Amino acid sequence: MDLSFTETQDMLRDTLARFLADTYDFETRKKMLASPEGRDPGIWRALSSELGLTSAPFAEEHGGMGGGAIENMIMMEELGKVIAIEPWLQTVVIGGGALKAVGGAVADAVIPGIIAGDTTIAFAYAEPQGRYNLADIGTTAKADGAGYVLNGHKASVYAAPWATHLLVTARTGGSRRERAGVELFLIDANSPGISRRDYATVDGFRASEVYFENCAIPGDALLPGGIDLIERIVDEATVAVCAEGSGIARKLLEGTVEYTKQRKQFGQPIGKFQALQHRMADMLIEAEQIASMTLMGTLRLNIPAAERKAAVSLVKAKVSRGLKIAGQSAVQTHGGIGITMELAIGHYFKRATMIESQFGTADYHLERYEALTLPA
Amino acid sequence: MDLEFSPEDIAFRDEVRTFIAENYPAELRGKQDEGDELSKEDFLSWHKVLYKKGWVAPAWPVEYGGTGWTVTQRYIWSEETARADCIRLMPFGLTMVGPVIYTFGTPEQKAKFLPRILSGEDWWCQGYSEPGSGSDLASLRTRAVRDGDHYIVNGQKTWTTMAQHADWGFFLVRTNPDAKQQEGISFLLVDMKTPGIEVRPIITLGGEHEVNEVFLEDVRVPVENRVYEEDKGWTCAKFLLAHERVGIAGVAASKRGIERIRQIAANELDGEKPLLANPFFRRKVAELEMDLTALEYTELRTLAGEAAGKGPGAESSVLKIKGSEIQQRLTELTLEMAGHYGAPYFRSFGEGDNEHGIGPAWANRAAPTYFNTRKTTIYGGSNEIQRNIIAKMVLGL
Ligand SMILES: Cc1cc2nc3c(=O)[nH]c(=O)nc-3n(C[C@H](O)[C@H](O)[C@H](O)COP(=O)(O)OP(=O)(O)OC[C@H]3O[C@@H](n4cnc5c(N)ncnc54)[C@H](O)[C@@H]3O)c2cc1C
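Protein chains in written order, with this note's numbering: chain A, 1 to 376; chain B, 1 to 397.
Treat each hint with caution, since some may be false.
[Claimed, not checked] Straight-line Cα separation of at most 20 Å, PhoX-like style, residue types lysine-lysine; simulated pairs: (1) B:K232 / A:K264; (2) B:K112 / B:K48; (3) B:K193 / B:K40; (4) B:K392 / A:K272; (5) B:K232 / B:K180; (6) B:K284 / B:K110; (7) A:K324 / B:K255; (8) B:K180 / B:K112; (9) B:K255 / B:K284.
[What the hints assert, rightly or not] Covered by chain B, per the in silico footprint, the following chain A stretches (three or more residues, Cβ under 8 Å): (10) 101-112; (11) 128-142; (12) 192-204; (13) 272-282; (14) 336-342; (15) 360-367.
Since the hints were made in silico from the structure, they are not lab data. These numbers come from a predicted model, not from an experiment. Every residue, glycine too, gets a C-beta built ideally from N, C-alpha and C.
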């Protein structure tokens, strides 16, 4: 066993952390969110073509550094520390993950664009009626000549307004909630027949409702692998948002401890009150466990599917619960100032809250774990 | 002792129910159903209906405009208004400064202010907290210096709820900096249009403008607007804080909240079954109902004690703590129900097309409300402070 990072990995973390420290302070982030596009595209350009960081998890043959899940974890954790609103999860982790899994011509064609920063991807999987079950899909992909025709509605598609490509789950057959017949497609985001309603999300991203109306796509848009592939890339994404959550939990703790040293009531720093000290000690316990579980999940993404799913579900359930405790505690310990837009802490709390349910709540994942591991 | 309502109580309940059904402002109902932001006029529309009926201040003594209802009737009233999803009246006049004025005020103050509180003519705000004085309220530094028959007030208040609408504010100010902290504070009624007052918005996590900073620069307040004796304002403040805590339990509103969750979860699907059939979800609903019932009967016991002449004591901290936690759990469950539709931020929707809404209407505010409701364990004396009070005042530690 070896839980240490390589020199290259340490260097990657440093590079990203230093870049974000220079470019992603709270006030600058606020301005990005308020701008019409909702982000600063220059940041993405810097992360990709200038610093080459988007290449980290890709194979050398595609121009990458040859990394994988550990590099994703490192990056997501650092992005979490500044509550970055970059489409990294969607583009590099999910899009990149799907392409690496299927390989072949489509990987050769698309990965270099991701590395260069020209290609951004959004993951259109959720639907209005379906909660976290990835097979609860009503969107159809009907075979039509050599291609397919998409019809349906995808909900809350993060980063869709910025995307050049959409990664879409749709049914080529089977009935709703049936595993068979669910497939993954990578399509041009501007294909005729796609319309969007864009909005901001409560945690600062931009997202869309995406509607497909007789949207004709080519046959090679289908990335073969069905629901098993989808579950695999969502498990990778789940662990990646846990890493983001880990960065956030650290900052919630740090910010809270710092604040309680400065803020005085009753003639002393409020950090002297034991009730608050114990709460912050609990926050530290949660942050440590979140980091531990994230690491475990990251290292267990390449085991047989049933074991992987069980492991990832334990990770996500624990991280969701930990983030709830960390977020709520941070706000409570700040008092009134914690629930304003003025302090960063509230914004960390908001993102932490959304991560709690992203790719499934604690309950959903405990249920999945039970189904996989406990005799009925 | 009897848990059942008497025939008179049932007749009263029916009367109240009919009155609400026939008189609740339709426009207000419409806005609530749509989830629209409520304006000052919206808040006042229901207030004015109740004023006309004479039911706007059930808890006040009859001589000042109260209804003379029994504790049970007041309980029925709050149940029925919550059941019918009536908005809560703004508390600052009716349940905060009103009782202070009829308890401690001069005959002139009573004559001048109480009728206007009842009619809704004056909108009040509460100027207690300061940037440096939150939990440690008695450390407040806003200074009032006597100048003939006026006080000149300088300082800053913060977290002042709805001050942007307020005609009047009740302020705690320091009149004697040399006395012990609690003994140099006075309670002033301040006309918010007085020169030198500036109100600046603070935007909270759900994007709402409900609190403000209030800056006071050489604000002249007539001495006749001081309630009770100079330097004895803390007495009024303590009286009011105890009052504030009873209402804060919000039992009836939380019951209505659970009812809403039951309704929504019975219709929302989780796979092929309603969400309410999900064993994890239904267990949380049951647990909430368990805790809310415990709170309800604790409140009833406290009210019964009050009716028997015991003032609301440190026990009201129990109501504040459990009531606020339950309010938060309700918003947690609603956000959980919203699923993927917790994410879209309704304030950014802009003009939509009719064909394509964004998620179910009830979900649009789930996350902002969850964020905003973190306040309930912070304001009205934070839950840490409440636990300190229990430890000190009840347990004698
Ligand atoms: C939405 C909202 C509306 C409000 N409306 C009004 C209003 O209309 N008028 C008004 O005057 N005020 C209002 N308040 C202010 C409110 O009363 C204060 O926020 C509250 O008193 C807490 O003060 P603070 O925010 O300064 O937090 P602080 O006092 O700084 O507390 C920070 C943290 O320290 C804890 N703490 C403090 N002292 C102790 C201790 N001795 N032991 C253990 N823990 C401790 C607190 O519990 C909290 O967790 C409002 C607040 C909010 C959030």
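Results for each hint:
no.	hint	result
1	B:K232 / A:K264	violated, 25 Å
2	B:K112 / B:K48	holds, 19 Å
3	B:K193 / B:K40	holds, 17 Å
4	B:K392 / A:K272	holds, 18 Å
5	B:K232 / B:K180	holds, 11 Å
6	B:K284 / B:K110	violated, 48 Å
7	A:K324 / B:K255	violated, 24 Å
8	B:K180 / B:K112	violated, 32 Å
9	B:K255 / B:K284	holds, 14 Å
10	101-112	violated (count 0)
11	128-142	holds (count 6)
12	192-204	holds (count 6)
13	272-282	holds (count 3)
14	336-342	holds (count 6)
15	360-367	holds (count 4)
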